[in-house]
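Here the protein sequences come in this chain order: A and B.
For the first sequence, this note's numbering puts the final residue at 445, and the numbers step up evenly by one.
For the second sequence, this note's numbering puts the final residue at 489, and the numbers step up evenly by one.
Honestly, the hints are just simulated from the structure, not real lab data.
Keep in mind that a hint or two might mislead.
As the list claims (entries may be wrong) - List time: in silico DSBU-like cross-link candidates among lysine-lysine, alpha-carbon distance up to 30 Å:
(1) K143/B with K260/B
(2) K260/B with K118/B
(3) K51/A with K67/A
(4) K67/A with K395/B
(5) K395/B with K59/A
(6) K395/B with K118/B
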Amino acid sequence: MSTEARKPPPQIALKIRRILGGKAGWNGVAVQFAFAAILGWISYEIVSNARANLENQHIAAGFGFLRNNAGFDVNQTLISYTGSDTFLRVFVVGLLNTLVVSVVGIVFATLIGFIVALCRLSPNWLLSRVGEIYVELIRNLPLLFQILFWYLAVLAALPNPRQSISLFGIAFISNRGLVVPSPIGERGLEPFLAMLALGIVAALVLRFYARRALFQEGRMIRIWPYVLGLLFGLPLAAMLVFGLPFTFELPQLKGFNFAGGARIIPEFVALTLALSTYTAAFIAEIVRAGILSVHSGQMEAGASLGLSRGATLRLIVVPQAMRVIVPPLTNQYLNLTKNSSLAVAIGYPDLVSVFAGTSLSQTGQAIEIIAMTMGIYLLISLLTSAVMSVYGWRVSRSLGA
Amino acid sequence: MSDIASSSFVRRDLLTERPAPVKTTGFVGLMRTRLFNSPTNILLTIVGALLLWFTIVPSVRFLMVDAVWSGKDRTACLAENAGFAVGACWPYIQAKLPQLIYGFYPEAERWRVNLTFVLAVVLLVPMLVPRLPAKGLNAGLFFLAFPVVAFFLLHGGGIKGFGVSWTADLLQLFDESIINAGQALLTLSKTSAVAPLLWIVGNFIVLVGTAIYWLIFPLTWLRDQLLGTGQSVWTDFAITAAIVSLIAFVLGGGVRTGGRALASNVATFIAIAVVIKLMGLDHGGLPVVATNLWGGLLVTLVVSVTGIVTSLPIGIALALGRRSTIPLIRIFSIAFIEFWRGVPLITVLFFATYMLPLFLPGNFTVDGLVRALIGIALFTGAYQAENVRGGLAAIPRGQGEAAAALGLSWWKTTSLIVLPQALRHVIPNLVNSFISLFKDTSLVSIVALFDLLGSLRASFSDPKWSTPSTAFTGFAFAGIIYFLFCFGMSRYSLFVEHRLNAHRRN
Chain A
45 MSTEARKPPP
55 QIALKIRRIL
65 GGKAGWNGVA
75 VQFAFAAILG
85 WISYEIVSNA
95 RANLENQHIA
105 AGFGFLRNNA
115 GFDVNQTLIS
125 YTGSDTFLRV
135 FVVGLLNTLV
145 VSVVGIVFAT
155 LIGFIVALCR
165 LSPNWLLSRV
175 GEIYVELIRN
185 LPLLFQILFW
195 YLAVLAALPN
205 PRQSISLFGI
215 AFISNRGLVV
225 PSPIGERGLE
235 PFLAMLALGI
245 VAALVLRFYA
255 RRALFQEGRM
265 IRIWPYVLGL
275 LFGLPLAAML
285 VFGLPFTFEL
295 PQLKGFNFAG
305 GARIIPEFVA
315 LTLALSTYTA
325 AFIAEIVRAG
335 ILSVHSGQME
345 AGASLGLSRG
355 ATLRLIVVPQ
365 AMRVIVPPLT
375 NQYLNLTKNS
385 SLAVAIGYPD
395 LVSVFAGTSL
405 SQTGQAIEII
415 AMTMGIYLLI
425 SLLTSAVMSV
435 YGWRVSRSLG
445 A
Chain B
-16 MSDIASSSFV
-6 RRDLLTERPA
4 PVKTTGFVGL
14 MRTRLFNSPT
24 NILLTIVGAL
34 LLWFTIVPSV
44 RFLMVDAVWS
54 GKDRTACLAE
64 NAGFAVGACW
74 PYIQAKLPQL
84 IYGFYPEAER
94 WRVNLTFVLA
104 VVLLVPMLVP
114 RLPAKGLNAG
124 LFFLAFPVVA
134 FFLLHGGGIK
144 GFGVSWTADL
154 LQLFDESIIN
164 AGQALLTLSK
174 TSAVAPLLWI
184 VGNFIVLVGT
194 AIYWLIFPLT
204 WLRDQLLGTG
214 QSVWTDFAIT
224 AAIVSLIAFV
234 LGGGVRTGGR
244 ALASNVATFI
254 AIAVVIKLMG
264 LDHGGLPVVA
274 TNLWGGLLVT
284 LVVSVTGIVT
294 SLPIGIALAL
304 GRRSTIPLIR
314 IFSIAFIEFW
324 RGVPLITVLF
334 FATYMLPLFL
344 PGNFTVDGLV
354 RALIGIALFT
364 GAYQAENVRG
374 GLAAIPRGQG
384 EAAAALGLSW
394 WKTTSLIVLP
404 QALRHVIPNL
414 VNSFISLFKD
424 TSLVSIVALF
434 DLLGSLRASF
444 SDPKWSTPST
454 AFTGFAFAGI
464 IYFLFCFGMS
474 RYSLFVEHRL
484 NAHRRN
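Let the sequences and hints guide you as you build the complete structure.
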């Protein structure tokens, strides 16, 4: 008589219970019902109150206002905008201004952050102390304080345009902002740009080819002279054939203000300065922690393989440090983008300032406007975290392989 | 033998002394090893020294050497009167100091603000020193009792009832809302396509509401009786104390083990009674100071302390919710946390200022300060939830399993075993969040609350003190205050981290 393995009891009921109520089982289902009832009650209260309040205050509802004329001016626009454009265009103008200040801020913050991190890691005692003082001072003061400091104290103390500070005679700083030469496209612009793009693409293809040769056949190809030649030679050749791609229009002092050139409004200068120096302090700490996280044995191992110090850093230490640095660095970039909303305090026309500020006070449609503003920021941060989780997945895959 | 003796060598005379090795410690050693040991390093040292020279020296000159220390108005701080290029204008700070600390808080009532500051320090310092005992009692006083006392001290006003009245009011409000919702459904059912279904649901909700009405009827009746008597606060207090103590006694284990719970309960109620009597809350309390008169450092501290006290429970609840296996609670917690972490604080404050009033019943106005506080509490709560979740993840599963093996319920496992360990793990992270919260409180100045930065900005527009150096002086002063608070907190967090990791040091 053979004994066969007994069939396991049916699991369907248990599985359903687990899915519906978690570990708590039917109790969990009951808790969920109670929770859903409370949520439903709260949302009912919110909707009914909002409807009653809007009716009492004679505020229109819905997104129809986006097609109405805005009727106010914005003092920095990337796309053409006049007071007779719609609120939807105001939204786009504000969003573009936010993105511009964020991108410029991110570039400068990364630069300053890496420099400060190198200072802090330097074997020189004095320089590392200077870096430490910078980080401690900047991190322990509120960002809004720094923005107002640059805007109300430093930029306001600058002289008026007639006595403005000249930077090599081409750019001028005054209390009305920064005036820089503006580029004007010439006949040779299109071939120049085409050759530049071609050079970049060719350099990337060359790099891909060289890496494949290295990884698959073990051949080391020296490509940097060709890359330099492609990147600089092609545009230079285009310039020789077709003439200068663009000329600069220098700003000239005429009367009480500057004519010609491009004016960067002081709000932008103050905001970029404060955002980039503030975020740089955090980036410096991230970079420093990342480089310190690579075990010192890695450096010694590289040296024992006969690599030079620079090659060890470039090929061994930095790739490993980047793995630690990139996720928090992205987080800081995101923080900078969100912090650029503090522009409203000094009147830089960013999304919050022109849309959640001016447009809100003109239309009174708080619910729609604030929901749109929050939604855009939420979208940006969710996209960033999605990209970061893909990156994390790739890093963990490459580590596992 | 002689062989060895001939080949061996024994020195018979002393060697001349060698010079001492190069000193590598002390200031000279530092200079040799870390400042001037190579040409590159010498260059870097010069660069560093120049950087310091061009920042530190002008700052010191501005703050100390060239500063004006006394005067009545702006004339004292003008270069033509002082006779030199004027640095900081300290008399301006002296004149504006009350405004920077209290805002427009009435001068006769400022002792209340001072008393609140003193109380906060007295409660906070023993909590921060790890060696002192009675952390539980201390935390209870700071997180529960202090906010209530501080509210009545700073805002003033008294109370009309106590536990019974409040519970009755709250339940009645809830019940009315339920019945309203049911009736709204019933009116909707007359026109809708799914009329019978809506009719059934609406009637059911109204039925539930009516049942609740009769369930809470004894409580509302008691409240109405109490309001009729002259001593409503004290009668209400006595009844609440009796009911709560009885519940504590029964839940604490009855005659066998309930004595302890009863004693602590009675002690709490006696303390509450003393506070009510001392502050005269039963007959009006202190004169009311509306929050639009508050300002300066007072608002900064009120916002940050309230944010700290309210965000921690929200954060713990959300972190537990996010780790829960119950689907709806988990999804809700994740969505809530990610939403608040994804938007900038300034939009949260705009939300609290412009959108929140629309969501509340029309007859229900919320103070501007309270609106900002709600926004900040939700925002910081989401960040604290992620901190607490990190701590919860660091606790080994074995802890929870061991508690389950001992027969502890989920609530007891969480509150007695897991949470205390998890929270201790993340104290440094929590303190770091508090630093950023403290810095972020400056944002309330954008929604028309005059915190330290807002008061400072307002004081710049005073023509009596407008000089070229006014703005720099004001920023220097506010900067020093912000720096002291934030730097102090960050050093404390380092200290705690060091202490927590003491076992890992080698």
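Now the hints, each set against the structure:
no., hint, verdict
1, K143/B with K260/B, "14 Å, holds"
2, K260/B with K118/B, "27 Å, holds"
3, K51/A with K67/A, "24 Å, holds"
4, K67/A with K395/B, "16 Å, holds"
5, K395/B with K59/A, "27 Å, holds"
6, K395/B with K118/B, "20 Å, holds"
In terms of the numbered hints stated before, the structure departs from none.
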